[in-house]
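Q: The whole structure should be built from the sequences, with the hints applied where relevant.
Protein chains: 2
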Amino acid sequence: MKYIEKLRNSGLRPTKQRLQICEVLFDTESTFHFTINQLEQRIKSKIDNKISLATIYNTVHAFEKKGYLKQIPINSNQTYFDTNVTDHHHFYDLKNEKLIDLENSDVGPINIKRKINGKKIKSIEVLVKLED
Amino acid sequence: MKYIEKLRNSGLRPTKQRLQICEVLFDTESTFHFTINQLEQRIKSKIDNKISLATIYNTVHAFEKKGYLKQIPINSNQTYFDTNVTDHHHFYDLKNEKLIDLENSDVGPINIKRKINGKKIKSIEVLVKLED
DNA sequence: TTGCTAGTTTATAATGGTTCTAAATAAGTG
DNA sequence: CACTTATTTAGAACCATTATAAACTAGCAA
Ligand SMILES: [Mn+2]
Ligand SMILES: [Mn+2]
Ligand SMILES: [Zn+2]
Ligand SMILES: [Zn+2]
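Chains Z and R, in that order, are what the protein sequence lines are. Counting along the first sequence from 1, when you hit position 25 you're at 24 in numbering that gives the first Met the number 0, and nothing is skipped either side. Counting along the second sequence from 1, when you hit position 100 you're at 99 in numbering that gives the first Met the number 0, and nothing is skipped either side.
Any given hint might turn out to be false.
Identical copies carry no separate label here, and so any pair may be met within one copy or between two of them.
[To be verified] Calculated cross-link-like contacts (lysine to any residue; reagent style SDA-like; alpha-carbon spacing at most 25 Å): (1) K112 x L101; (2) K5 x K64; (3) K1 x G66; (4) K94 x N74; (5) K128 x I99; (6) K5 x G117; (7) K128 x S104.
Keep in mind that the hints were calculated from the coordinates and are not lab data.
A: What follows is the structure, encoded as structure tokens:
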């Protein structure tokens, strides 16, 4: 199991549930965006045992804290997460409520000229809303 | 009353409640960011009669639809609105949960090179998260 | 002025995503 | 194994937001 060490190194016990969630999240051809509900469905369809919704929330938040997942700032009634944790930006298709990755080369470098006293920049995120 | 015509021209009846909310939102030295709860408090402190929470929600959404308010894409348990409806970007101070306007000149032009078939860009929003 | 009608306000209930609780279970350690 | 601490879990609680449906009001025309 390739995720056992990853979890141990993060101080997270490699439980059956966490390992299964790892497989659903990270054993994929490409990264993807998801809500908790979508992840719950994906887990249901890929594994036989049940994982409680509370555990899914707990695990997603634990992984986010460890930097294995990112939250995407977007106005929605559900929180969106991203398995692509590199710095990148997004299209948001308003009609289909779908996020699409933008490469940094699609956006170009962003240089924030203004400084706020005593604060430093943690992240810069661009959201490009799309309509028909 | 300077807002009566503005509302009529938008197809919104200039009710007492809407006019009072207009005053709280737009009779200000500068634009500002707010959540519904913050707006509710501000209304309470500035007017004598009561405006129901449902009306505050209705009015904010009506004004948003007419373009008098903007929603700011940010991950929070509460939705943030902006009385500054020009195209502009934001700092988000994670510790104080405060938004700060960035002028376009602080960010520079953003040129999205990638196109999505059949879609056009509705808005481009940059969120710069700040930490200590 | 007086009705009429569609729009608006309101208290309150319902919704639903997320978090909390506390008991059961499992992992790590020696 | 014995022990401690972390994790899982079902279900309750939370709370921002939306829906409901009845009372009220603005606009308009007779
Ligand atoms: Mn979180
Ligand atoms: Mn809205
Ligand atoms: Zn992404
Ligand atoms: Zn702003």
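Q: Each hint should be assessed against the structure and marked as holding or not.
A: Okay, the hints, checked on the actual structure:
1. For a Cα distance limit of 25 Å, the shortest separation of K112 from L101 qualifies both inside one copy, at 23 Å, and across copies, at 10 Å.
2. In this assembly of identical chains, K5 and K64 lie within 25 Å of each other by CA distance solely inside one copy; the values are 14 Å within and 47 Å between copies.
3. In this homomeric assembly, K1 and G66 come within 25 Å of each other (Cα to Cα) only inside a single copy, at 18 Å, whereas the closest approach across copies is 51 Å.
4. Taking the closest pair of Cα atoms, K94 and N74 come within 25 Å of each other both inside a single copy (14 Å) and across two copies (20 Å).
5. Proximity of K128 to I99 under the C-alpha cut-off of 25 Å is found in both arrangements, the shortest distances being 10 Å within a copy and 21 Å between copies.
6. For the identical chains of this complex, K5 and G117 are neighbours neither inside a copy (35 Å) nor across copies (42 Å), given an alpha-carbon limit of 25 Å.
7. With identical chains, the CA atoms of K128 and S104 are at most 25 Å apart both within one copy (18 Å) and between copies (21 Å).
Checked against the numbered hints listed earlier, the structure breaks hint 6 alone; every other hint is satisfied.
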